[in-house]
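Based on the sequences and whatever the hints tell you, model everything.
Number of protein chains: 2
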Amino acid sequence: MTSCSSRSLWLLKMSVLITGLGIVLFMFRSVPLQTKLSSLSPWYPAPDVQTLKLLPEERLRNLFSYDGIWLFPKNQCKCEDSKWRGGYNFQEGYGQSDLPAVKARRQAEFEHFQRREGLPRPPPLLAPPNLPFGYPVHGVEVMPLHTIPIPGLQFDGPDAPTYKVTLTASLGTLNTLADIPDNVVQGRGQKQLTISTSDRKLLKFILQHVTYTSTVYQHHGVDMVSLESNSSVAKFPVTIRHPVIPKLYDPGPERQLRNLVTIATKTFLRPHKFKIMLQSIREFYPDLTVIVADDSNKPLKIEDDHVEYYTMPFGKGWFAGRNLAISQVTTKYVLWVDDDFLFNSKTKIEVLVDVLEKTELDVVGGSVLGNTFQFKLLLEQGESGDCLHRRWGSFQPLDGFPSCVVTSGVVNFFLAHTEQLRRVGFDPRLQRVAHSEFFIDGLGSLLVGSCPEVIIGHQSQTPLKDLELASLEKSYSTYRANTNAQIQFKLALHYFKNHLQCST
Amino acid sequence: MTSCSSRSLWLLKMSVLITGLGIVLFMFRSVPLQTKLSSLSPWYPAPDVQTLKLLPEERLRNLFSYDGIWLFPKNQCKCEDSKWRGGYNFQEGYGQSDLPAVKARRQAEFEHFQRREGLPRPPPLLAPPNLPFGYPVHGVEVMPLHTIPIPGLQFDGPDAPTYKVTLTASLGTLNTLADIPDNVVQGRGQKQLTISTSDRKLLKFILQHVTYTSTVYQHHGVDMVSLESNSSVAKFPVTIRHPVIPKLYDPGPERQLRNLVTIATKTFLRPHKFKIMLQSIREFYPDLTVIVADDSNKPLKIEDDHVEYYTMPFGKGWFAGRNLAISQVTTKYVLWVDDDFLFNSKTKIEVLVDVLEKTELDVVGGSVLGNTFQFKLLLEQGESGDCLHRRWGSFQPLDGFPSCVVTSGVVNFFLAHTEQLRRVGFDPRLQRVAHSEFFIDGLGSLLVGSCPEVIIGHQSQTPLKDLELASLEKSYSTYRANTNAQIQFKLALHYFKNHLQCST
Chain E
1 MTSCSSRSLW LLKMSVLITG LGIVLFMFRS VPLQTKLSSL SPWYPAPDVQ TLKLLPEERL
61 RNLFSYDGIW LFPKNQCKCE DSKWRGGYNF QEGYGQSDLP AVKARRQAEF EHFQRREGLP
121 RPPPLLAPPN LPFGYPVHGV EVMPLHTIPI PGLQFDGPDA PTYKVTLTAS LGTLNTLADI
181 PDNVVQGRGQ KQLTISTSDR KLLKFILQHV TYTSTVYQHH GVDMVSLESN SSVAKFPVTI
241 RHPVIPKLYD PGPERQLRNL VTIATKTFLR PHKFKIMLQS IREFYPDLTV IVADDSNKPL
301 KIEDDHVEYY TMPFGKGWFA GRNLAISQVT TKYVLWVDDD FLFNSKTKIE VLVDVLEKTE
361 LDVVGGSVLG NTFQFKLLLE QGESGDCLHR RWGSFQPLDG FPSCVVTSGV VNFFLAHTEQ
421 LRRVGFDPRL QRVAHSEFFI DGLGSLLVGS CPEVIIGHQS QTPLKDLELA SLEKSYSTYR
481 ANTNAQIQFK LALHYFKNHL QCST
Chain B
1 MTSCSSRSLW LLKMSVLITG LGIVLFMFRS VPLQTKLSSL SPWYPAPDVQ TLKLLPEERL
61 RNLFSYDGIW LFPKNQCKCE DSKWRGGYNF QEGYGQSDLP AVKARRQAEF EHFQRREGLP
121 RPPPLLAPPN LPFGYPVHGV EVMPLHTIPI PGLQFDGPDA PTYKVTLTAS LGTLNTLADI
181 PDNVVQGRGQ KQLTISTSDR KLLKFILQHV TYTSTVYQHH GVDMVSLESN SSVAKFPVTI
241 RHPVIPKLYD PGPERQLRNL VTIATKTFLR PHKFKIMLQS IREFYPDLTV IVADDSNKPL
301 KIEDDHVEYY TMPFGKGWFA GRNLAISQVT TKYVLWVDDD FLFNSKTKIE VLVDVLEKTE
361 LDVVGGSVLG NTFQFKLLLE QGESGDCLHR RWGSFQPLDG FPSCVVTSGV VNFFLAHTEQ
421 LRRVGFDPRL QRVAHSEFFI DGLGSLLVGS CPEVIIGHQS QTPLKDLELA SLEKSYSTYR
481 ANTNAQIQFK LALHYFKNHL QCST
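Chains as they are written, first to last, in our numbering: chain E, 1 to 504; chain B, 1 to 504.
Read the hints as simulated data drawn from the structure, not as lab findings.
Bear in mind the structure is a predicted one, so any value in this text is a computation, not a measurement.
Hints should not be assumed to be uniformly reliable.
As the list claims (entries may be wrong) - In silico lysine-lysine, BS3-like type, Cα no more than 25 Å apart, as pairs:
1. B:Lys53 - E:Lys201
2. E:Lys301 - B:Lys298
3. E:Lys164 - B:Lys78
4. E:Lys53 - B:Lys204
5. B:Lys191 - E:Lys53
6. B:Lys78 - E:Lys247
7. B:Lys247 - E:Lys78
8. B:Lys301 - E:Lys301
9. E:Lys53 - E:Lys275
10. E:Lys103 - E:Lys78
11. B:Lys235 - E:Lys204
12. B:Lys348 - E:Lys53
13. E:Lys204 - B:Lys201
14. B:Lys348 - E:Lys298
15. B:Lys358 - E:Lys103
16. E:Lys191 - E:Lys164
17. E:Lys247 - B:Lys103
18. E:Lys235 - B:Lys204
19. E:Lys298 - B:Lys298
20. E:Lys204 - E:Lys191
21. B:Lys235 - E:Lys235
22. B:Lys103 - E:Lys358
23. E:Lys103 - B:Lys247
24. B:Lys465 - B:Lys275
25. E:Lys164 - E:Lys235
26. E:Lys247 - B:Lys247
27. B:Lys103 - E:Lys191
28. B:Lys348 - B:Lys275
29. B:Lys78 - E:Lys53
Stated by the list, open to error - These stretches of chain B come out as covered by chain E in the derived footprint (C-beta under 8 Å, 3 or more residues):
30. 122-133
31. 197-210
Don't be surprised by glycine CBs; every beta carbon is placed ideally from N, CA and C.
Written out as structure tokens, the structure reads:
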């Protein structure tokens with residue numbers, strides 16, 4: 001890892017870089033004399049024994065650590081020795097000889113991903129002091145091919161016989177709603193609009209009514225519009241964005257639970273487990289729709305009007321089945337349960353619904369016989385891949401629900417917003433035991449909570465008397481376990497798919 | 001609809017409102033004398049017969065129309081008479097007596113959606129002229145619980161014996177990397193940081209190294225940080241955002257097509273059609289994986305190592321099947337085909353792959369026997385629901401592919417990024433003929449293109465000799481058609497789910 005001195009260097013480099021940027025982005029108007037003078041400090045008392053230095057690394061580490069993880073500056077991740085610290089160095093999922101080619105492919109796919117997501121975002125625009133302009137900081141937003149008035153444009157420079165203000169766009173065109181002859185406003189409906197007048201009032205009126213028109217159909221783009229007079233330039237972003245259309249669900253006039261929630265599960269080679277769970281569901285929720293995905297060799301017979309049963313190719317796998325099940329849900333929420341759970345009087349789906357209805361959470365977990373499996377995921381972005389810190393527990397209590405918390409991952413018993421869950425989905429490439437993989441795929445997409453007082457039971461794991469079932473369970477267990485190859489595969493998946501470098 | 005005068009009024013109201021906002025957001029520092037004078041215009045020539053008025057509505061309509069649709073100002077949609085103009089008034093999907101209750105539920109669901117999406121966005125921040133501060137316009141971004149240096153902070157006000165600059169945050173805490181005694185910097189690690197010094201150089205150094213630390217775990221939030229000295233205040237946003245973790249696919253060392261593309265289709269009561277298509281696929285693509293979702297009454301026998309076959313509850317429906325099929329894809333791209341298509345030498349999947357690899361498109365369609373079914377969707381946002389304008393054709397040529405175009409919807413033969421397609425999905429609530437519904441659900445999520453030179457064939461629709469098959473086709477057709485109830489249902493779905501008011 002880099003030394004303290006070189007890190008402080010990094011910080012300074014960064015500030016310099018950014019200031020540099022500011023200079024690139026703006027030509028400063030000639031500053032008033034007083035400021036000029038003030039900048040040559042001899043005229044002023046020198047800093048009283050105050051030498052300009054930064055805090056030592058240790059101090060910074062104390063200031064900016066969370067759970068012992070230093071979240072500033074970036075790249076604190078030590079992948080080399082992550083193994084003995086209970087972490088993984090994900091590139092170990094590949095053979096040394098394959099790595100160079102894998103890295104090249106990974107980089108190419110990552111760049112394609114970034115291009116489509118509009119990443120990396122442009123560097124911050126820096127406004128210098130004492131600009132003679134008023135303008136929308138943070139910019140304004142326009143839908144593709146639409147027109148908007150640009151609010152807050154003003155010029156307040158020194159007096160002059162005539163004023164000339166020029167606006168320049170690149171992805172769209174500019175105009176003004178003001179009814180003004182063309183000798184005053186030039187370039188209406190073009191990328192550059194120039195206003196020339198001796199009348200401040202008129203200038204003010206025209207600027208108040210400048211419009212921006214998006215001329216290219218795109219879902220996201222940023223047009224840096226510049227506002228210029230003499231040597232002063234202000235820039236602000238016009239964000240072109242198409243809003244995502246809502247996909248709402250009607251809970252129906254009575255808000256019955258069956259119109260709000262569907263139960264989804266996946267089963268494989270243990271129909272008896274599923275049937276026991278279904279019985280327990282019906283004891284408490286007689287009419288909730290239950291969706292079952294089954295990749296066993298012979299299909300199940302189920303007598304239940306509210307069960308939807310899907311068969312898959314044999315052994316297609318755990319996440320493939322989960323993804324199939326959620327693809328069929330037609331209610332706002334979906335409750336995930338494993339096929340060997342057992343509903344009881346503490347399994348209150350209504351409570352979980354209430355939490356999702358009243359918070360911004362996308363997913364809320366309960367407890368399986370007291371096990372909530374809460375874990376936090378903290379991401380650090382790095383050049384050659386991100387670093388993932390995993391810690392047990394939660395971030396903070398959930399607003400309005402003191403007995404619930406906000407975290408990153410929970411146990412396999414949770415209620416989720418169907419649309420949000422589908423956006424992330426269960427990666428059908430994961431065939432065997434997989435759990436945290438889903439919550440890692442959901443990082444940045446799913447806000448997760450946990451409410452321990454909603455509890456579901458688990459069927460006994462004592463060996464069965466019935467020989468046929470016993471043999472089924474036996475063959476099930478042979479499929480369930482992760483082979484070494486499977487584990488290698490998971491490491492490789494995190495390395496390539498999630499663009500992760502290592503975990504701690 | 002509103003009259004012309006009242007619309008211009010609306011425009012003025014808006015500018016006033018926005019200027020008002022600016023004043024709320026900022027206390028202006030007392031402006032220099034010269035400017036004060038200049039603002040009382042008697043000193044300057046009065047506008048030469050120039051009265052300050054806005055362009056008449058007709059002029060605006062000409063300036064800001066696209067395809068005859070006036071995309072400024074908002075709310076041009078005339079729902080009352082949309083019917084006779086070939087459009088729909090979606091609330092007609094409900095009975096008059098139900099509407100009031102439906103509207104209330106729709107509003108409640110819409111508000112829940114907005115809350116989770118962080119909508120509506122805060123009004124634009126307006127920067128007044130001649131602020132003595134330098135700061136990041138457009139703000140900076142920080143990951144939850146992380147710390148960032150805030151670039152570009154400067155103070156350049158008039159000289160004074162001592163300088164006092166105060167920074168205030170609300171969602172996080174402030175600090176500085178500068179190693180400075182506490183009498184100079186107060187409130188380290190708190191929401192308010194105050195710098196007091198007589199040394200401009202020292203002030204500059206401290207401001208250069210101010211940091212922001214996010215203290216609450218959230219996926220998106222905006223903290224308006226203020227920078228204050230005497231009566232001058234600048235505000236800039238610190239955006240708290242958790243990046244969405246990538247989900248990349250490895251095309252493999254040889255980039256074989258079978259590692260890049262999966263073919264997905266849905267069949268119902270016409271196995272012969274599917275088998276004919278499968279033959280045609282194998283003629284050109286012997287080893288591509290084909291995923292089939294079938295909701296017929298009896299399962300198909302298929303002898304093909306690269307076909308994955310899924311059975312569903314009988315008649316579960318068209319979009320449910322499509323959603324099931326895409327839920328099982330494990331390649332970067334998925335090609336959608338109907339079960340009665342016919343591959344031929346012009347069905348070049350590679351060409352479509354090349355287009356998605358080299359552009360930002362999420363979906364690219366081909367042509368079914370010359371039919372590309374290109375249509376544009378233009379959204380206008382309104383109070384009580386949005387207005388959707390649908391027009392045939394395309395927006396613009398596709399960069400780098402002159403024979404392709406950018407549009408909103410295409411025919412049922414397209415290649416898509418699997419992850420993006422799953423984010424939108426096919427709504428399993430749509431059981432019968434449905435097509436544009438998918439592209440409407442994709443508005444804002446899927447950037448769609450069309451390349452007419454990639455052509456797929458269609459199986460003949462002449463009645464079959466084989467009696468059994470003929471009867472199958474007959475019963476198929478009875479399921480295919482949209483009943484009146486189905487059409488009502490679709491109107492209702494657009495009204496409630498998509499929060500649309502009407503279409504033209």
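When the structure is checked against the list of hints, which entries are broken? Sort them ascending. 3, 9, 12, 13, 14, 27, 29
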